[in-house]
Every structure is written in C-alpha cells, then in structure tokens.
Amino acid sequence: MIRTDEQHSCNGTLKCYSDQKQQQSNSLKNGYHRKEKVSQSASPLLSVQKNGKGDGFHQPRVRGEDSFEEAPMYVAVLTYMGYGIVILFGYFRDFLRAVGFEKCHQAQEREEQKDFVPLYQDFENFYKRNLYTRVRDNWNRPICSLPGPVFDIMERVSDDYNWTFRLTGRTIENVINMGSYNYLGFAENNVDFLKTVAEETRQYGVGVCSTRQELGNLSIHEKLERLVAEFLGVESAMAFGMGFATNSMNIPALVGKGCLILSDELNHTSLILGARLSGATIRVFKHNNMQSLEKMLKETICSGQPRTHRAWKKILIMVEGIYSMEGSLVRLPEILVLKKKYKAYLYLDEAHSIGAVGPTGRGVTEHFGVDPNEVDVLMGTFTKSFGAAGGYIAGKKELVDYLRSHSHSAVYATAMSPPVVEQIIRAIKCIMGVDGTTEGWYKKIRQLAENTRYLRSRLKEMGFIIYGNQDSPVVPLLLYLPGKVGAFSRAMLKRKIGVVVVGFPATPITEARARFCVSAAHTREMLDKVLQSLDELGDYIKVKFSRHRSSYRPELYDETDFELDS
Amino acid sequence: MFNVSAVAWIWNYDLSVGIVTSARSAAVSVLRMDMKNMREYVGWLYYQYLLITGIYVLEPWEQSIFNTLLFTMVAMVIYTSYVFVPIHVRLALEFFSELVRGQPESTVALMNSR
Chain C
1 MIRTDEQHSC NGTLKCYSDQ KQQQSNSLKN GYHRKEKVSQ SASPLLSVQK
51 NGKGDGFHQP RVRGEDSFEE APMYVAVLTY MGYGIVILFG YFRDFLRAVG
101 FEKCHQAQER EEQKDFVPLY QDFENFYKRN LYTRVRDNWN RPICSLPGPV
151 FDIMERVSDD YNWTFRLTGR TIENVINMGS YNYLGFAENN VDFLKTVAEE
201 TRQYGVGVCS TRQELGNLSI HEKLERLVAE FLGVESAMAF GMGFATNSMN
251 IPALVGKGCL ILSDELNHTS LILGARLSGA TIRVFKHNNM QSLEKMLKET
301 ICSGQPRTHR AWKKILIMVE GIYSMEGSLV RLPEILVLKK KYKAYLYLDE
351 AHSIGAVGPT GRGVTEHFGV DPNEVDVLMG TFTKSFGAAG GYIAGKKELV
401 DYLRSHSHSA VYATAMSPPV VEQIIRAIKC IMGVDGTTEG WYKKIRQLAE
451 NTRYLRSRLK EMGFIIYGNQ DSPVVPLLLY LPGKVGAFSR AMLKRKIGVV
501 VVGFPATPIT EARARFCVSA AHTREMLDKV LQSLDELGDY IKVKFSRHRS
551 SYRPELYDET DFELDS
Chain E
1 MFNVSAVAWI WNYDLSVGIV TSARSAAVSV LRMDMKNMRE YVGWLYYQYL
51 LITGIYVLEP WEQSIFNTLL FTMVAMVIYT SYVFVPIHVR LALEFFSELV
101 RGQPESTVAL MNSR
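Top to bottom, those sequences are chains C and E. Residues in the first sequence are numbered consecutively from 1, following UniProt numbering. Residues in the second sequence are numbered consecutively from 1, following UniProt numbering.
Calculated directly from the structure, the hints in this document are not laboratory data. Check each hint, because a few of them may be wrong.
[Unchecked claim] Only some residues are given here: those of chain E computed to face chain C with a beta carbon under 8 Å:
#: 1; residue: Gln48
#: 2; residue: Leu51
#: 3; residue: Ile52
#: 4; residue: Thr53
#: 5; residue: Gly54
#: 6; residue: Leu58
#: 7; residue: Glu59
[What the hints assert, rightly or not] Now the in silico label distances, taken between C-beta atoms and shown as ranges:
#: 8; chain 1: C; residue 1: Asp528; chain 2: E; residue 2: Tyr79; range: 51 to 61 Å
#: 9; chain 1: E; residue 1: Ser97; chain 2: C; residue 2: Glu461; range: 34 to 44 Å
#: 10; chain 1: C; residue 1: Tyr120; chain 2: E; residue 2: Lys36; range: 42 to 52 Å
#: 11; chain 1: C; residue 1: Gly433; chain 2: E; residue 2: Asn37; range: 35 to 45 Å
#: 12; chain 1: E; residue 1: Tyr82; chain 2: C; residue 2: Gln291; range: 37 to 47 Å
#: 13; chain 1: C; residue 1: Met462; chain 2: E; residue 2: Lys36; range: 26 to 36 Å
#: 14; chain 1: C; residue 1: Gly169; chain 2: E; residue 2: Met35; range: 52 to 62 Å
#: 15; chain 1: E; residue 1: Gly43; chain 2: C; residue 2: Gln121; range: 51 to 61 Å
#: 16; chain 1: C; residue 1: Asp528; chain 2: E; residue 2: Pro60; range: 33 to 43 Å
All C-beta atoms, glycine included, are put in the ideal place defined by N, C-alpha and C.
Start from the sequences and build out the full structure, keeping to the hints where you can.
Shown next, in the form of structure tokens:
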C-alpha cells in the first residue's frame with residue numbers, strides 16, 4: 001500500500017480535495033454549493049497540468065494526444081458510392097426474391113402471416129441479407145487451438161456465397177493472432193503456470209451451483225476480492241461472473257429515477273444497457289470532449305429534473321479507460337476537476353485498460369498519476385488482460401457493501417467458477433510480482449508497452465491512418481471502403497495472419513476499420529511479419545490514406561479554460 | 001467528418017500517384033515487351049476497380065450486369081461526344097468570333113446574318 005501514499009504526496013493540492021469530497025459524498029443534492037468552490041477551481045487544474053509538486057518517482061505523465069486523422073475527400077465520396085451501388089443491388093436481389101426467381105435463404109414469415117406487421121423489412125435485416133452475408137466468411141471463424149499469439153483455424157468454404165459453410169477438414173496452422181484481447185499473454189496452457197489452478201479445482205470443483213447470496217460465497221471469492229482491492233489500491237472490491245453483466249446489472253443498483261447519467265458518445269453497449277435499465281435521465285456528450293461535458297453539466301444542473309425542475313438526486317459521469325473501437329484514452333485529470341467542481345460521481349469502466357496501461361499495469365489511474373480513491377466507482381473486466389472471465393467493481397467499502405446486497409448480479413447470478421477465480425488470482429499475483437518471479441510486472445508489461453509503441457510507430461510511418469492514443473494497445477487501422485474490408489481480411493488470412501475487421505453497426509458507416517490488439521506474447525519476429533504483410537497488402541489494395549499530417553478533430557482543444565467560466 | 005475545404009482540388013492526387021508509379025513501371029515493362037507484366041498490371045487495375053466501386057462483394061453474374069451497364073453508359077457518352085462535340089465547338093467559336101467582329105455593327109445585322 002506504499003504506492004498510494006506516494007501518489008498522495010505527488011498530487012499535493014488534490015489531496016485536500018479528496019478529504020472534502022469524503023465529507024460530501026453522503027450529500028444527496030447537487031448544484032447549489034458551487035459558490036464557495038469558485039475561487040479554488042482554477043488551481044487544481046493548474047496543478048494537474050503543470051504538476052510541479054511531484055517527488056520524482058511517480059511523476060504524473062503528460063499524455064500524448066489522441067489522433068483522429070481525417071481521410072482525403074475522395075475516400076468519402078468513393079465510400080458512399082460503393083455503399084450506394086451495393087444497396088441498389090440489394091434492392092434488386094430483394095425484388096428477385098419477392099417475385100420468386102430466387103429462393104430466400106433468410107428467415108421469412110409464413111404465408112398466413114404475410115399480412116401482419118413485417119418482421120424482416122427494416123434496414124437491419126436488409127443490411128444483413130444483402131451486405132453482411134456477402135462477406136460473412138470473415139467473422140465467426142472456427143478456431144481449434146488456444147487463442148494465444150498464434151493459433152489454428154479450421155478451414156471452411158461456402159458453395160452458395162456464404163449462406164452455408166462446410167468445413168473441409170484441413171486446418172490452417174500457426175496463424176498470427178492479432179485479434180484476441182490477450183494483452184498480457186495470459187491465454188496460455190503451460191502446465192507449470194497452471195498448477196495452482198489445478199489444485200484449486202481439485203479442492204473446490206468446477207461448478208458452484210448457487211448465487212453469491214445463497215450458498216455460493218466460497219472462500220476463494222473473498223480471497224479474490226481482497227486481492228483485487230489491494231491490486232487497485234482501493235478499500236474494497238466485488239467480483240461478478242460476466243463483464244457485460246457487471247455493467248448492466250450494477251448501474252441500475254447505483255442510480256435510479258431522478259438521477260442523471262452523462263455518458264460518452266462511444267460508450268460500450270453494456271454501459272448503455274445499464275443506463276437505460278436504471279431509468280435515470282441520460283445525456284450523451286461528445287467523445288472525450290470536456291467542453292461538451294461541462295456545457296451539459298451546467299445546463300442540466302440549472303434546469304434540474306425533467307418536469308419538476310427539482311435538483312438531481314445524483315449525477316453520474318460514465319466513461320471508459322480505453323475505448324475499444326477508437327483506441328483513445330479518457331482525459332481523466334480533466335474529468336476529475338469537472339467532477340469536483342460540479343459535485344458529480346465518476347464511473348470508470350477499465351475493461352481494456354486494466355493491466356494494459358500504466359507503468360505497473362494498474363490502469364488509467366496509474367497512467368495519469370491519479371489516486372484511484374478519487375474515482376468513485378472503478379469497474380473492470382477480467383476477460384482481457386487476465387485471461388479469465390468476469391468483472392469487478394471496486395471503490396469505497398460502503399459502496400461495495402451496498403452492492404453486495406442490492407446488485408441483481410449478486411442476488412440472481414451464479415457465482416464465479418473456482419478455476420476461473422484461481423486463474424485471476426494467479427494472474428494478479430504475477431502482475432504484482434508477489435509470486436516470486438519477475439515474469440509479470442517487469443517482463444510482460446514492458447513487453448506490451450514496447451510492442452504497442454513499435455507497432456503504432458511503424459504503422460504510422462508506413463502511411464496508414466491509425467486512430468487513438470500512442471500508448472493504447474488497441475490499434476484501429478482505417479479501411480473506409482466496403483469492398484476493401486472483405487478483401488483485406490481474406491488477404492491477411494491467406495498470409496496466415498488473423499485480423500478482426502469491423503464494419504457498419506459497430507462503427508459509423510463510413511469508417512470501417514481493422515482492429516489490431518497487441519499482446520505481450522507477440523515476439524518481435526511476429527510483429528515484423530505482420531508489418532511486412534501490411535506493407536505489401538497496403539500497397540496492393542491501396543489503403544495507405546495518410547497524408548502524414550494529422551488534423552485534430554475541431555472540437556478537441558489543447559487548453560481547457562475552466563477558469564474563464566467561473 | 002471529412003474536411004471539405006482542405007484538399008478538394010487535389011482529390012484525385014493520391015489515386016493518380018499510385019497509378020502513375022504503376023504506369024511508369026508498366027511503361028518500362030512495355031518497352032521490354034513483357035506481356036506477362038502488362039497482363040498482371042491490367043489485372044491489378046481491374047481488381048482496384050472492383051474494390052473501389054464495391055463490386056468485389058457481389059456474385060459474378062451481378063458483376064457482369066454492372067459491368068455491362070457501365071460499359072453501355074460509357075460507350076454512349078463516347079459516341080455522343082464524338083458526334084456532337086465538334087459541332088458544338090464550331091458553333092461556339094462562330095458565335096464568339098461574330099461577337100468580336102460584329103462590335104461596330106448593330107445587333108439587327110447580327111440577327112439577319114443568321
């Protein structure tokens with residue numbers, strides 16, 4: 001726990017604010033106490049930006065800027081043209097299916113139901129029938145080995161243009177894996193490392209057959225939660241069986257009707273679902289844009305709840321550590337300043353950033369040199385960096401104790417399985433360096449950081465458009481045109497590299513991309529092979545759109561001028 | 001989302017750079033009378049056309065329909081320009097030269113000369 005003390009001494013001015021925050025954490029109303037804080041609101045921002053008081057060891061780092069380079073104009077025109085042509089052909093094929101020239105392979109209503117409200121006429125189904133199915137062979141590829149840095153794919157072909165597949169029986173071996181969220185390389189089946197997992201399985205078995213509240217609270221669960229709390233540097237933590245369910249089932253327990261949720265534009269579906277299930281009022285602010293967030297805070301605090309105009313019961317700002325489709329980092333110090341100024345709570349979803357950023361893998365709080373006790377609710381998943389399954393919520397002891405009794409997941413969901421829990425425990429111990437080897441926190445984390453920097457800088461040099469922060473291990477490479485998306489994925493598989501390409505519903509329709517997830521288990525030779533293939537393929541398909549001039553999105557500013565507003 | 005004001009006047013620059021470098025290599029290979037390279041290059045151009053128009057994802061018979069339609073339209077454009085552009089250019093030149101020559105004359109004379 002020495003580390004948190006050092007962080008306290010680095011951020012001298014922020015420390016006194018955290019004391020005051022604790023006194024006010026029990027207050028229910030927001031928005032009417034601003035006046036006494038006005039004169040002090042300028043200084044925490046300056047101390048965050050300039051950081052003159054660090055004692056030299058854990059200096060808060062200056063973050064690199066996120067880059068969102070824009071493509072040349074002709075790329076936008078061609079993208080729209082390509083989508084237009086394929087949509088026209090989609091209408092043509094739908095006409096043929098309606099007339100009867102062609103058999104409809106997708107589900108259809110029965111004859112008797114043809115007069116009912118149509119089920120399959122909306123754009124989603126049209127898109128699925130006519131665009132997605134044509135390139136469907138690039139997704140859901142069956143894998144027949146463990147998804148480490150290399151894996152084996154079962155070869156499958158389609159005789160009727162991707163409506164049905166059949167496996168040929170052959171396997172494509174040693175395909176380099178650039179798609180798995182294996183940031184620290186814990187997806188391994190080395191028997192020596194998994195000895196403790198085998199022992200715990202022998203002791204506890206595999207199934208728990210009960211919820212945490214009934215008979216499913218095993219001692220290994222308590223051990224895990226203590227370890228997670230120690231790892232993050234907070235008071236207490238609670239673990240759940242599924243990462244998605246952690247968000248969607250716990251946000252309704254924290255906020256309800258009469259509360260306000262301010263969520264980032266590009267938040268994950270689990271956060272959006274949790275927010276909608278809670279019944280609170282939701283406002284969306286532009287991605288990573290502090291001006292938009294502050295404007296929204298001011299407006300909503302001034303106007304109050306929707307019809308009654310009373311003060312909000314709670315204001316919750318929901319952000320993610322690393323956004324998985326963009327690779328951008330959250331602007332944590334600025335959000336903390338805003339949060340204190342406007343008395344809001346912060347919910348930080350570190351699904352991709354825990355274990356993957358920060359000098360010792362503690363996530364974005366360590367990356368920015370911020371005390372984790374300042375964030376009210378720290379959420380994360382064990383699926384990505386720890387090679388297991390599940391999620392956690394960490395924070396103050398009162399918060400976690402409240403969730404133990406009020407969360408839907410704790411009451412109704414089955415408890416986590418013991419081998420999975422032991423895998424998380426061994427992974428955390430490895431990262432912390434407690435298990436006696438230097439494998440974890442020195443080798444893996446440094447290897448991940450080196451691989452990330454190497455891949456990103458080389459890709460930028462080659463002329464691809466890459467989004468996101470220079471430290472994030474999620475690397476989106478923009479492809480834009482619909483034809484190139486399918487061609488890229490197939491060509492990479494031919495060169496024995498497995499990539500994930502993402503298209504319309506998950507990204508804006510004109511920004512299709514290929515997403516690379518760097519792993520600590522990738523060796524320099526693998527990365528070189530990937531880079532060489534990308535170089536050749538980039539020239540052959542012509543996806544090197546970068547003009548070596550990155551233009552920031554106009555809404556992002558370098559200077560934040562909060563003091564002008566107060 | 002896309003920067004309209006920035007590079008509209010060089011919108012096809014990157015495309016033409018790629019094609020020029022490939023064309024230069026193709027020109028060199030034509031000099032060496034290497035038909036295989038030429039065929040590969042034309043194949044690559046066709047592949048680029050498939051990718052850019054989005055036709056790449058369609059089934060072969062749909063590609064044929066689109067190619068036929070496009071070829072027909074391009075042929076019609078070429079035929080129309082071959083037949084009508086010389087006439088239009090000649091008429092325009094006549095009109096402007098009449099204007100220059102006919103400045104001292106009155107407009108009534110201009111109308112009568114038609």
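So, going through the hints one by one against the coordinates:
no. : hint                             : verdict
1   : Gln48                            : holds (7 Å)
2   : Leu51                            : holds (4 Å)
3   : Ile52                            : holds (5 Å)
4   : Thr53                            : holds (6 Å)
5   : Gly54                            : holds (3 Å)
6   : Leu58                            : holds (6 Å)
7   : Glu59                            : holds (6 Å)
8   : Asp528(C) - Tyr79(E): 51 to 61 Å : holds (54 Å)
9   : Ser97(E) - Glu461(C): 34 to 44 Å : violated (58 Å)
10  : Tyr120(C) - Lys36(E): 42 to 52 Å : holds (49 Å)
11  : Gly433(C) - Asn37(E): 35 to 45 Å : violated (58 Å)
12  : Tyr82(E) - Gln291(C): 37 to 47 Å : violated (58 Å)
13  : Met462(C) - Lys36(E): 26 to 36 Å : holds (28 Å)
14  : Gly169(C) - Met35(E): 52 to 62 Å : violated (40 Å)
15  : Gly43(E) - Gln121(C): 51 to 61 Å : violated (40 Å)
16  : Asp528(C) - Pro60(E): 33 to 43 Å : holds (37 Å)
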